[in-house]
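> Chains as they are written, first to last, in full-length UniProt numbering: chain A, 1 to 229; chain B, 1 to 262.
No wet-lab data here; the hints were simulated from the structure.
Backbone N, C-alpha and C define an ideal beta-carbon position, used for all residues, glycine too.
All clues stand as given, with none of them false.
Derived contacts from chain A toward chain B, CB cut-off under 8 Å, selection only:
1) Y77
2) S80
3) R86
4) V175
5) T177
6) R187
7) Y193
8) T195
Cut-off 20 Å, straight-line C-alpha distance, at most; resulting in silico cross-link-like pairs (SDA-like, lysine to any residue):
9) B:K159 to A:S192
10) B:K79 to A:S192
11) B:K159 to A:H12
12) B:K192 to A:Q81
13) B:K116 to A:A95
14) B:K146 to A:E11
15) B:K116 to A:R86
16) B:K159 to A:F73
17) B:K116 to A:Q81
18) B:K146 to A:Y193
19) B:K159 to A:D96
20) B:K159 to A:E15
21) B:K159 to A:L20
22) B:K79 to A:D4
23) A:K168 to A:L69
24) B:K159 to A:Q14
25) B:K222 to B:L97
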Amino acid sequence: MLYDYLGFAFEHGQELLDGLWITLKLLALSSLGGFLLALPLAVARVSPNRTVAALARGYSALFRGTPLLVQIFILYYGFSQFEAVRNSPAWFVLADAFNCALLALTLNIAAYMAEDLRAGIIGVPHGEKEAALAYGMGRCGSYLHIILPRAIGIAAPALGNEVVSQLKASALASVITVLEVTGVARRFSAQSYSTDPLIVAGLLYVAVTLLLSLLARLAERRINCHQPR
Amino acid sequence: MKRIVQALLVGAAVAASSAHAEEVVRIGTLADYAPFEYRDPSGQLKGMEIELGQQMCQHMRVKCQWVTMDFDALIPALKAHKIDAALAQMSVNPERLKTVDFSRIFTIAPVQYVAKGLTGISDNPASLRGKTVGVQSGSIHESYLKTRLPSASSGIEMKVYQGLDQAWLDLQAGRIQAVLADSTVGLDWITKEGRKGGFVLVGKPVSDPEIFGEGTAVAVRKGDARLKARFDQAIATVLGNGSFAAVNKQYFPFSIAPVAAK
Numbered sequence: 001m002l003y004d005y006l007g008f009a010f011e012h013g014q015e016l017l018d019g020l021w022i023t024l025k026l027l028a029l030s031s032l033g034g035f036l037l038a039l040p041l042a043v044a045r046v047s048p049n050r051t052v053a054a055l056a057r058g059y060s061a062l063f064r065g066t067p068l069l070v071q072i073f074i075l076y077y078g079f080s081q082f083e084a085v086r087n088s089p090a091w092f093v094l095a096d097a098f099n100c101a102l103l104a105l106t107l108n109i110a111a112y113m114a115e116d117l118r119a120g121i122i123g124v125p126h127g128e129k130e131a132a133l134a135y136g137m138g139r140c141g142s143y144l145h146i147i148l149p150r151a152i153g154i155a156a157p158a159l160g161n162e163v164v165s166q167l168k169a170s171a172l173a174s175v176i177t178v179l180e181v182t183g184v185a186r187r188f189s190a191q192s193y194s195t196d197p198l199i200v201a202g203l204l205y206v207a208v209t210l211l212l213s214l215l216a217r218l219a220e221r222r223i224n225c226h227q228p229r
Numbered sequence: 001m002k003r004i005v006q007a008l009l010v011g012a013a014v015a016a017s018s019a020h021a022e023e024v025v026r027i028g029t030l031a032d033y034a035p036f037e038y039r040d041p042s043g044q045l046k047g048m049e050i051e052l053g054q055q056m057c058q059h060m061r062v063k064c065q066w067v068t069m070d071f072d073a074l075i076p077a078l079k080a081h082k083i084d085a086a087l088a089q090m091s092v093n094p095e096r097l098k099t100v101d102f103s104r105i106f107t108i109a110p111v112q113y114v115a116k117g118l119t120g121i122s123d124n125p126a127s128l129r130g131k132t133v134g135v136q137s138g139s140i141h142e143s144y145l146k147t148r149l150p151s152a153s154s155g156i157e158m159k160v161y162q163g164l165d166q167a168w169l170d171l172q173a174g175r176i177q178a179v180l181a182d183s184t185v186g187l188d189w190i191t192k193e194g195r196k197g198g199f200v201l202v203g204k205p206v207s208d209p210e211i212f213g214e215g216t217a218v219a220v221r222k223g224d225a226r227l228k229a230r231f232d233q234a235i236a237t238v239l240g241n242g243s244f245a246a247v248n249k250q251y252f253p254f255s256i257a258p259v260a261a262k
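So here's chain A without its partners, still in its complex pose (with noise of 0.2 Å):
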């Protein structure tokens, strides 16, 4: 039993690898991206300003609320079928199914990183927030140098904790023909109608996970650090 794991990990060692790549790709990429996007979308969700609030808190209904397949058919095989799309320049990062499975993650995991900073910039102790506008600091340097930076401490575990699901989620590129760790299981096992590449492709799952816990434990720390625990 083992054994038929193993000499299937070794036999396709390279197809393996080559889609564990293109997962840690859509992995780092997308979360970086999302990370990035969300950290405007979570001040513009904390707005003062109405309209503005609501925008951010629209763009978070629209993706948390529609599943991310869903999200990931309408970008790949939705879009494409206007011609008008097709002849546009965005028909530059949609022909691709690897760009339109990065780009539905990164939009996606936004919204839900979104939501964790807002929660973190809401958690970050009336104390210092006033202490940095007693600086004279306005509001921009107040959030770039105080709020975000403690907010961002706040939320770190949730953040870590949206990354991991980010890995599972990415499972879902197979489905746009992109050859990621689950595709290439897929279509080993549909050569040998057997399952065992999918427990293969499991395992790796679970080992990139606790690589990913053990890195999060770790900037939490350092983000952290100055804290008293």
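Given the structure of chain A, go ahead and fit chain B onto it with the hints provided.
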């Protein structure tokens, strides 16, 4: 009192035996392989193989229960006893015979490329160099491209789809330049949809008996000789009594019955 109990027991026994008499055969098929098997907008399973399958079940005196799934899930589902047979234009080839048994040949299934007309793409592999060809996962078409025209030597990229529907969408979107599929299904899509975009069957049918086999049949679990024999019989019946030809005519202007005297 005793009489009543007796009567009830007899009644229960009769009910049990009549329930037993209707044997259920679970047949795996697809939901997106028009015109052989597909769901109409109301969710009803329709198609040539569904119609003929129903008739065969009547001849076999069993109740058919259709189960739809992806093509590449059919053989694993057979092995896992989730279904008892697969009727989904599955071609009989040596590779599959290692894992499952097949009934006698049910239909022939020529294989052909679908592409835009006048683009120079044909069945000649050289015309596909640098192009991307879509195939369905687990199909003979995937095996063919992978073993006969690997991209390293042929320069033909292969893209594998869970369902053929998705391959058609990508063909229309221009992400792929051709689809390798059964001519029958290709023709059906061209008639309904592809013609508008200028898509046609290009070149001659591709011949490769080693991979494509001589036709499609009903797959059953390895060693399930009883069900295989019943399907053999039922296929012989629908081929012999004219019902195959009658249904065939509704779907295709040419015959896909297996070549006689086999």
